[in-house]
Amino acid sequence: MGLKAYLYDIWEAVATTAKGMRITARYGVDPRETITLQYPEERWEPSERYRGFLYNDIKTCTSCTMCVRVCPVDCISLEAVRGADKKMVLASYDIDIGRCMYCGLCVEVCPPKSLKHTSGYEKASVDRGELILHFVHEDANQIKARVAKQVAEAAAKAEAEKAAKAVEEAKASGPVPDDGRNEAPADQPASQQAAAANPAKKDAAEKKPPEGAKGEPGKPEEPPKKGEGNTP
Amino acid sequence: MEPKEIFEKVQARFGEAAVELQEEGFRPAFLVVAPEKVREIGRFLRDDPAMKFDSLMCLSGVDYPDRFAVAYHLHSLAIGHRIGVKVYLPKEAPSLPSVDEVWPAANFQEREAFDLFGIVFEGSWDLRRILLPEDWEGHPLRKDYKYPEFYHGIKV
Amino acid sequence: MMESLAISLVNAVPVLSGVPLWTITLLVMIVVAAVVLTFALTYAGLATYVERKVAGDIQARVGPNRVGPVGLLQFLADGIKLLLKEDIIPTHADRFLFALAPYLVFVGSFAAFVVIPFGMGLIASDLNIGIYYVMAVTSLVVVGVLLAGWSSNNKWALLGGMRCCAQIVSYEIPVGMALLPAVLIAGSLSLQDIVRSQGGLLGIFGWNLFHNPFTFFSFFLYYVAALAETNRTPFDIPEAESELVSGYHVEYSGIRFAFFFLAEYGDMFVVSALATACFLGGWHVPFLNAKALPAVWGNLFSLGVFLTKTLGLVLLMMWVRWTLPRLRVDQLMRMAWKYLVPLTFFNLLGVSLWLLLFHGKGIPQMIASLIG
Amino acid sequence: MKSNAVALPTQEMLINMGPQHPSTHGVLRVILRTDGEVVVNAKPDVGYLHRALEKIGERVTYAQYMPFTDRLDYLASMNCNAAWCWTVEKLAGIEVPERAEYIRVIVCELNRIASHLIAFGSFTADMGAFTPFLYAIRERERINDLFEDICGNRLTYNYVRIGGVSADLPDRFLEKTKEFLDYFEPKVPEYNKLISYNKIFVHRLANIAVATPEDAVAYGLTGPNLRGSGVPFDLRKNEPYSVYPKFDFDVCVGTGERGTLGDCFDRYMVRINEMKESVKILRQAIAQIPEGPVMAKVPRMFKPPVGEVYFRAENPRGETGFYLISDGTVNPYRLKIRAPSFVTMNIFEKITKGLMIADVVAVIGSFDIILPEIDR
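Chains as they are written, first to last, in my numbering: chain A, 889 to 1120; chain B, 20 to 175; chain C, 548 to 919; chain D, 19 to 394.
Looking at chain A on its own, in the form it has when it is part of the complex (with noise of 0.2 Å):
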């Protein structure tokens, strides 16, 4: 190694060492550099678009179940009971944002658009518990009994009306034949479940989706059968 290449070394030490002081002496003096954040005071507006938890707003929820099929990880439950106007009423509608993954996915394919993003991002928690969003405030149980009565007491009505016009028939017409179109009750019995629940939730009757009961990692029963594609 000639004496050169030993000075040279030396030589290219000192100033490439130099070089790059001299530009971290430019940021350490120059104070307009400094782009921390500090957090609690200055807070992080995010931008319209951002992903943060979900929110469900009830009263244009349909719960036609596209957003509980098309989520990866299953972390959306929603039980749903048809009303005596054959409206669906939504018994319960919880999100898990403990297991979300903020794909986006749930919001892009609901019809109603009713479930969107709000750009909150702190909902730090000690007990996994509160990481269950519920949108639907009231017991679900309650819900159902109070559907049941409504649907029970209008087929109750549809039955009287019905009985009160079959008297008059008979009256009027003297004994015409019956021809054969007695209707079926107005519709099932409000006990059924809607078919259109989530299958796979059908166990899960209690309020908190049960933490992976089931046997395969995060995979619901299986997807809609191939016939049911598409929307109910």
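Simulated from the structure, these hints should not be mistaken for lab results.
It cannot be assumed that every hint is accurate.
Said to hold, decoys possible - Derived DSBU-like pairs (lysine-lysine); straight-line CA-CA distance at most 30 Å: (1) Lys907/A <-> Lys298/D; (2) Lys108/D <-> Lys907/A; (3) Lys28/B <-> Lys71/B; (4) Lys211/D <-> Lys194/D; (5) Lys108/D <-> Lys105/B.
Claimed, not checked - Pair by pair, the computed Cβ-Cβ distance ranges are: (6) Val917/A <-> Thr278/D: 33 to 41 Å; (7) Leu192/D <-> Leu631/C: 52 to 60 Å; (8) Pro109/B <-> Ala314/D: 39 to 47 Å; (9) Thr230/D <-> Ile910/C: 55 to 63 Å.
Everything numeric in this text was worked out from a predicted model, so none of it was measured.
Just so you know, even glycine gets a beta-carbon here, dropped at the ideal spot from N, CA and C.
Please build the complex by placing chains B, C and D on the supplied structure of chain A, with the hints as guidance.
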């Protein structure tokens, strides 16, 4: 070089070891080869001046309904064309000679195919499970794979 | 020095004269030692705060600013945290050596504070073998580090310990050689004499730095070798976070870890103080003569000047740390034996020839004698 | 002077570097058999982050698999998203509108810059210089802001869809990108002055772990690692896909400027130069982006035709290839992901023989491997 010409070249050289050429519905086309001749055909494909498939892009195990398969995707840096080589294996004891002398890039991917499918690569440098722990039973990517209840007492 | 202080104390407070002289000197020594130690510890604490502030500033971020007014009490918070933290000793560690190691390292680095010439009269004890004493004491750190590395029964720590002792031992030589020119010029090992020899000539030109080109060059050699001796980047091989996880003090936690931490900053101060004393004229200030001021003010003023120079060098160390990457162990050794040792020897030869030829006068002195 | 000292019987040390180690870029465990500091044998042991992405691929529908491709290489998830979409579009023959392809190229190149910044930052931090890491992260935060404006997320974007992109560019996005490019362009030469040509840095990387061009090709190195060994192969140029042919940029190749060809320094410099090239591509893409729809007509329960396809895209870490077999149902039948870092690890054992422990760290950093991609 077109897949058809490659197929003829290999068929001319190895006779019935080159079973068929899968073209339609396959991009890139697949050259189906007999399992025991894989290493020689691989070396031929790599060393033949007209083809020079020097880089193994991807080696994957596949669990077809009736049989296993190992799919090699080859690419030639010098010439720029691509070809697939597929080997069908019986369901019970799938095994075929390893190609890691021909393409050293195959070693990890062979270990992965062994680990997740149970396909044995004879003559490989060190065929061990790569992704799963050494004493894991079963091969997860098989269609008939049942999730074990416990692993060393830990609930799976 | 202690006796004179003790005697002046006795004259000031006659009631003490009944007590035998040696107890008073002992008492005075303890007081002085306590003063120096508290200074050293507070300095070390503040240095950690300043280092994190400087690092933050350089890296476009803010250093600690939550604890205390501008984050000033951060080092207290760290200290208390380390005190309260659980002090884990690994199961198969060699318990006695594991406990002993931090004390050795701590003593090794803080014992050198005794000899540092803080001001005109302000020196803990003016040993006439000042520099020799410092060299001896700082090599105690090597023993401590090796013990720490071996006793914590961890492969990473062992590697870190080995690397560190190889590094410190092989950089002792260039450090020693680079300090010798100052000793040659002053003709004495005592740091006070070295500093006094740099007085005069408008304060600034008396410094050894400008004495002759060889001493000028040996200041930089000394500084680089000293960087290596205190395990600072680019020579922080022993506790290389990214390779050895964190070297010899990987298994230490709580107050034991604090000892290692304080020792590192203590070393930094000692090394910079030596550089100031030997090359930058200690407490001599340009264009002003400290003796001219009345007694007490003179001491304080010289203390202030000495501290600014030393802390300036410490800041330079911090600035270097956040710019340069880390050397590999064999490159470190190569640099020590192939670059620093030959250069320092050549330098020493140059200085001694210079003193022989110009019988002890430097360039500034010669110019002054020409003009004067 | 032949040393006649009896060779001291040294004992080899077996060290576990990982899976929890500050500089293995994830949960990689390297079983180091060392003789003192010199590595006798370094055997990588992977699989600590295995999430069976390929098994999940057989259970979810094509659209549902998109968020999983984010987790494949989370430092370049836009590139993985786009690669998955290009594969499915190649299989099903879907025609993607022009504007969507341009948006894909823009986000892919922005993500390439972000990924190379992380590679540069963590590599210099492994070598001991902590400051460049902070500067790199500061630049990357600005790219994350841009991504947050487009798709709402800062790391796992899930933005690209089969047949286009999920949402059009927000207003003022192109200006903000231009501002970023003007801000970023002078930064790269500054990094070079600060650290790339620093004597210690060069000394640590030159002539370390040299991969000859033949070895690089044989062991399946791809992307910057392959180009670092002097092989000018870039998928965007040699096998153009999407709208890449419309842009002119040159392929950065290692030149062995500070040591032999194919050493750690070359791989590092290829990534630095590639950042400049990406800026060039972005400027052209912003200039030429046409108006128009951003999403082709794709049924929600999308069923591709039966068939097998293999597509590979140029990701920041190398070639990410998707071998997709579809049986006409809603779920893929078999999905093999060819991860560049996984195949790069083949050469690890051969290349680290005889190096020192500090160099093993340099090799990991120079190959820029990332563990979620290795373990899938």
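Output the indices of the hints that this structure fails to meet, ascending.
Result: hint 2 breaks, nothing else.
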